[in-house]
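The primary structure of each chain is shown beneath.
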Amino acid sequence: MFHLPIQDPASATQTPAPPPVVDAYGQLTKRASTFGHVDDLFYFTYAVCIFFFVLIVAVLLFSVVKYRRRTWDQPAASNTTHNTPLEVVWTVIPLIIVMIMFAWGYMGARDMTIAPIEASRNTIKATAKQWNWTFSYPNDPAQSYNEVWVEVGRPVQFLLESTDVLHAFYLPSMRVKRDVIPGRYQTVWFEPTEVGEYHLFCAEYCGKDHSQMYAKVHVVSAAEYGARPWDKWDDSTPEAAAKSGASLYSQICASCHSVNGSAGVGPTWKGLFVKNADGSIVGRQREVIEGGVRKTITIDNDYIVESIRKPDAKKVAEEPYVRNAMTAFPDLDDRKINGLIEYMKSLADSK
Amino acid sequence: MTTNVPVIDSHAAAPQAGRKNFLNCSQGFWSWAGTLDHKRIGIMYLVGVSIALLAGGLFALLVRLHLWKPEGVLFGNVEYNQIFTLHGAFMVFLFVIPAIPGSLGNIVLPLMLGAKDVALPRLNLLSFYLWVTGAVLATLAIVLGGFDTGWTFYAPYSLYTDQAVVTIGLAVFVLGFSSIFTGLNFIVTTHKLRAPGMTWFRMPLFVWAIYATSILQVLATPVLGITVLLVAFERLYHIGIFDPRLGGDPVLFEHFFWFYSHPAVYIMVLPAFGIISELVSVHSRKPLFGYKLIAFSSLAIAIISFLVWGHHMFTSGQSTYAMFAFSFLTFFVAIPTAIKEFSWVATVWKGSIALNSPMLYTLAFLVIFAIGGLTGVILGALNVDIHLHDTYFVVAHFHYVMMGSIALAFFAGLHHWWPKIFGVIYDETLAKIACGIIFVGFNATFIPQFIMGSRGMPRRYATYVPEYEPFHQASTVGAMVLGGGVALMVFYLVASLFQRKTAMQNQWGGVTLDWLSPTPPPLENFDEPPTVTTEVYDYSTLDYKTMQTPVA
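Residue numbers (the working numbering), protein chains in the order written: chain S, 8 to 358; chain G, 764 to 1315.
Be aware that a few hints might be false.
[As the list claims (entries may be wrong)] In silico DSSO-like pairs for lysine-lysine, Cα to Cα no more than 30 Å straight-line: (1) S:Lys215 x G:Lys832; (2) S:Lys223 x G:Lys832; (3) S:Lys132 x S:Lys37.
Quick caveat, the hints were computed from the structure, so don't treat them as lab data.
Based on the sequences and whatever the hints tell you, model everything.
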């Protein structure tokens, strides 16, 4: 039961954003969105709370000092059990104060819920699955994993979907949070006001690596955003594609598949392909179960594509892989899968 | 409150020599295991919930130790998730919900009403054995590999995980029945077994609080039972209620769960309010300020608490109309709660304040509950809650209520009625020291959690980004201090049973009927049935001048 925590590959390849600066009052993280009403109401409520807390503690302390029982038979200094004006005051004044908080908070939440038209025209899709985030940009085939770019000063909406369990999309610096619920779409919007790097946490418990379901949010200038910094996919040469594939591997595959032959949740990638004496790379033979029937296949591109998009179609006929289910990646585009295959083939060298 | 109990000499030491009491009237295993006496059942509950508290506390210390470093120190992620789940499930279902009603409620409620026993003693014993069954099942779930769903069992994760969810679900189901039967019993007892002359508004406030709690237990707990059954069915037969892959709705689970679990917060906290109301009055030797308002505010809280469950789901995508209603009602529940706190403070004001250990625990409660309640107001504000939801701010807030308020009230009540129940008094100096350590340790544990929560540290994290490290370390140190304080308390309480330093008949000079029965009480509580002729908390009915000053 006691063992060292496994370093999550997503966070291994990516250092978290630098610690955000604390705001002027020293309590909240410095805000980087337009939702200032959250901070305003937080500090208003905080001040009210401190006032009542100090009042309560002061009265208690004063009473304990002044009316402390010195002899066993000392009677109470007063036996008053009612004071109607006082009771009305301490009912009505808190009621007024909390109603102010209620109205203020409701207006703020409504602002945060109803996205302006500029935001809905700038919608990034965030797909949550155990335990990573995938981001798709408007009219752009390239996706980014565990990293997202937004433009400073431009309202942005996130369309949230989950492919497995509950997650929550939480950006402390932007003051936004929304549960991501399988089977329905949720939206959340904000307008970033400061360039920088920020945390995106999963805030709804989602199983084993919940705490490592992390993405870095880059708020960048319009010029930088225009350069599509999320598209880092280089497949100009097979070597470049293999390198891109290696990077994608470490983000979304490495938690289950090793490349050094060690056993994981899924089978290792080492030795999927072998290098012949003439230097050509060919797939190995493998026992699989398809539709309950055991058969031998040769590993090739089609098999890999199917295994990524529909992992249950052919299960590796070997314990424990025959039992373990793999998350499907039906939306992974051909260029990316090709990069992964090039990476698998590059492993054929490492004998 | 005065009564026709002249046989009891309030001024003497207890127990009086040669008297038979409920502790020594019979011996042997079955005289306890098969007892129908509410006090013996209460003591068995006390032992049970104390073990659950210590187990839950041990899990808490493991959680805190693990979080010493950002990458985690002790466990892998799965083990960490299991341990925090165990901490929550043990504390909520085996300790906080049954602790006060099961132990102190069982022992004190019939005494306060001037009754021989609860109305349904066999049902009472059944409740206890259901609790034991639930505890055994919960332990069995650990043996079967543990469970990692969090105590909230949120679907669909609880449907997919390969762990012992059905077993712990069964435990929760059985514990629910234990809670329902206890509630039913106390409602009937309060209605039918009040001593002659004890009108509703002459009932001590502890009775009012237990009564309001019981109504909640009977009305809300079945929903939890149905919900965990549905989860079990969903896991076993794949019906499609909560599982989105089968067309179910996971948010429906949240509604069902919080429809019970928000009232459950008040099932947990109302008995604590009851204890504090008693203790503030007795140890200030002053009638409770605003008795009727406190009694009604218990009922008001009980009713409103059924209408605020949605505030656990402000980020779940509920409509702005739902948010409007739930936030409004949530703020509304703050008012009766504030009235209680103000009334307790006003009772202390100009009282005759005894700084003994029950009162110190009570004062610690008043300070901590002020923070727990006020931070609840911060969370009630919709836009602020969106930022703070599911962070350590929420964790700190509900620990200020669950641990800082309810457990401290339980400790206060335990110290208050300990001499009544066992006829012995604990080491008062150690008790004061332990109270101080617990107070300091508790605040040191949870104040850093408020700070990191408001800076965005999410809850249920096995690892975390390095910027939160100092707060986690401060919190861990605080938790160790808190654990030490609780260990000291357990030590001197248990030791007092062996030292047998005799307590007074009426250790604190209380005037409710529980103090006017012999100490420790005989099997059927009173030598002759008491009648009530004066108002509650009338301290002029006792002549303190002729009473022997208590040793402690």
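Each hint tested on the structure:
Using a Cα cut-off of 30 Å, the hinted pair Lys215 of chain S and Lys832 of chain G holds, with the two alpha carbons roughly 18 Å apart. A threshold of 30 Å between alpha carbons decides the hint, and for Lys223 of chain S with Lys832 of chain G the separation of about 21 Å falls inside it, so the pair holds. The suggested pairing of Lys132 of chain S with Lys37 of chain S holds, with an alpha-carbon distance near 26 Å, which does not exceed 30 Å.
Consistency with the previously given hints is maintained throughout, with no hint failing.
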